[in-house]
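Required output: the full structure, derived from the provided sequences and hints.
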Amino acid sequence: MSDQLLNLTLHVWRQDGPTDNGHFETYQAKDITTHMSFLEMLDVINEDLIEDGKTPIAFDHDCREGICGACGMVINGRPHGPQRLTTTCQLHMRQFSDGDELWIEPWRASGFPIVRDLCVDRSAFDRIIQAGGYVSVNTGAAREANEIPVGKLDADLAMDAAACIGCGACVAACPNASAVLFTSAKIGQLAMLPHGQPERQDRVRKMVAQMDAEGFGSCTNHEECEAACPKGISVNWIGKMNRELIAAMATAKDEVEVRGK
Amino acid sequence: MQRALTLTDTAIGKKVVMALSGAILVGFVIGHFLGNLNLYVGEASMNGYADKLHHMPVLLWGTRVLLLIAVTLHIVSAFMLWQRNQRARPVPYKMRKDIATTYAARTMYWSGPIILLFVVYHLFQFTFVPESGNVFANVVHAFSHPAVAAIYIVANLALGFHLFHGVFSAFQSLGANHPKYNQARHWLALLITIVVAGGNISFPIAVLTGVVHL
Ligand code: HEM
Ligand code: FES
Numbered sequence: 001m002s003d004q005l006l007n008l009t010l011h012v013w014r015q016d017g018p019t020d021n022g023h024f025e026t027y028q029a030k031d032i033t034t035h036m037s038f039l040e041m042l043d044v045i046n047e048d049l050i051e052d053g054k055t056p057i058a059f060d061h062d063c064r065e066g067i068c069g070a071c072g073m074v075i076n077g078r079p080h081g082p083q084r085l086t087t088t089c090q091l092h093m094r095q096f097s098d099g100d101e102l103w104i105e106p107w108r109a110s111g112f113p114i115v116r117d118l119c120v121d122r123s124a125f126d127r128i129i130q131a132g133g134y135v136s137v138n139t140g141a142a143r144e145a146n147e148i149p150v151g152k153l154d155a156d157l158a159m160d161a162a163a164c165i166g167c168g169a170c171v172a173a174c175p176n177a178s179a180v181l182f183t184s185a186k187i188g189q190l191a192m193l194p195h196g197q198p199e200r201q202d203r204v205r206k207m208v209a210q211m212d213a214e215g216f217g218s219c220t221n222h223e224e225c226e227a228a229c230p231k232g233i234s235v236n237w238i239g240k241m242n243r244e245l246i247a248a249m250a251t252a253k254d255e256v257e258v259r260g261k
Numbered sequence: 001m002q003r004a005l006t007l008t009d010t011a012i013g014k015k016v017v018m019a020l021s022g023a024i025l026v027g028f029v030i031g032h033f034l035g036n037l038n039l040y041v042g043e044a045s046m047n048g049y050a051d052k053l054h055h056m057p058v059l060l061w062g063t064r065v066l067l068l069i070a071v072t073l074h075i076v077s078a079f080m081l082w083q084r085n086q087r088a089r090p091v092p093y094k095m096r097k098d099i100a101t102t103y104a105a106r107t108m109y110w111s112g113p114i115i116l117l118f119v120v121y122h123l124f125q126f127t128f129v130p131e132s133g134n135v136f137a138n139v140v141h142a143f144s145h146p147a148v149a150a151i152y153i154v155a156n157l158a159l160g161f162h163l164f165h166g167v168f169s170a171f172q173s174l175g176a177n178h179p180k181y182n183q184a185r186h187w188l189a190l191l192i193t194i195v196v197a198g199g200n201i202s203f204p205i206a207v208l209t210g211v212v213h214l
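Protein chains in written order, with this note's numbering: chain A, 1 to 261; chain B, 1 to 214.
Bear in mind the hints are in silico, worked out from the structure with no lab data behind them.
Each hint should be verified, as a subset may be incorrect.
Stated by the list, open to error - Not the full set, but computed from the structure, chain A residues with beta-carbon under 8 Å of chain B:
1. Glu-65
2. Glu-101
3. Asn-176
4. Ala-177
5. Ala-227
6. Ile-246
7. Glu-257
Each residue gets a CB set at the ideal place from its N, CA and C atoms; glycine is no exception.
In structure tokens:
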């Protein structure tokens, strides 16, 4: 790993609020060490902007350790940048070379309206979870943890799905801005566990209906989502969700209501 | 007004319709290709086969109605999903890099309509206004024009691409996927593509090169 300093040209999407048209602004990133994370590099740019009395670039971040899912931007056409299985906050400048030109854009989807610059509103994901991505548990004394046996493999698979941090890279990468990878991981995770069984058929129907209501596109099985996912969520969950939905529609004893047109 | 959610309300449900109608069409193109192999056996065999079909009106018309329903459902759901997808990303990316997708997957909305146009042309040529009652002669005549042969070759390339992604994709749309068999889905798609599209393309080539002649 070299200690070389990088000079980069950045074209960053600047948008002054949800209704602004937005445009690309070009910045020179000078003397960037390869040990910096991508967000730290943007911090440096922002320091300069603030010193010049300009508005810093708005971008989301929180944990900066790859677990919260807050960060995310499309860097040269790839959500979270060029490194596989890596969030933007965990992407390091050593992935780039001196003289690179980078186009930095927000997630683009009507389900994720832009708040400002690179920040998008991902509350559509919250509403999908609110529609059914939970298990109902009576409060009271905590139950014995091992009371309900869970097979090791099922637990592992549920954990694989639960690795989703809800960052939205799947939507950003999908040619149709579809949210099926996220939604299917959340449905699949609970479908693997005994705790998820009582509400299983309701959950898949309500979450899928909410996903559609949010205006996300439909899956055409390009599998770009899996390739972009920083947590490596598999498209197999999408197949499982489809199976769950078909089964629920065919066998559920009750109906799920939606608002008619 | 509240009403019950139905499968076809959802985008996933519309994709299920596409997959099931697509499966019917895949079945048809396989059968159609196998029937066309009679071309290699000879004039009597080809015309005998056509004759046999025309003497089974229930089967013939049953199949035609089924195909018409399948094509309609396939296209209507394709159109509805296409509209949804257009709305889902109103502002495109300045730069986009695909990693996982295939050429066939990216061109489904091209290969599909090409197939549709071709089917209309094909039906006019051989079904609605055939040149004569001799099916074998009609085919050989048609394909001895290089331009006509070229249309058939291009259309079947489009069919091949459509089949390659379509067969692979339909399993996933129906939830019939499993890590154990996902590789097999790819191979099945490739096999059907090569046999059907490759086989169909061989017919005009066989006529042009004189392998099949009157
Ligand atoms: C008649 C004109 C046709 C049109 C306009 C058309 C259009 C489409 C479109 C737009 C898709 C969706 C692609 C995607 O989601 O990525 C699709 C999928 C598919 N098509 Fe067609 N298609 C046509 C004919 C055919 C034919 C003749 C066959 C059979 C050989 C076929 C088999 C399939 C299959 C199996 C799928 C996959 C469905 C799925 O992913 O669930 N299509 N078609
Ligand atoms: S800031 Fe939390 S995952 Fe990147």
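Now for the hints, and whether the structure bears them out:
no.	hint	result
1	Glu-65	violated, 25 Å
2	Glu-101	violated, 10 Å
3	Asn-176	holds, 4 Å
4	Ala-177	holds, 4 Å
5	Ala-227	holds, 4 Å
6	Ile-246	holds, 6 Å
7	Glu-257	holds, 4 Å
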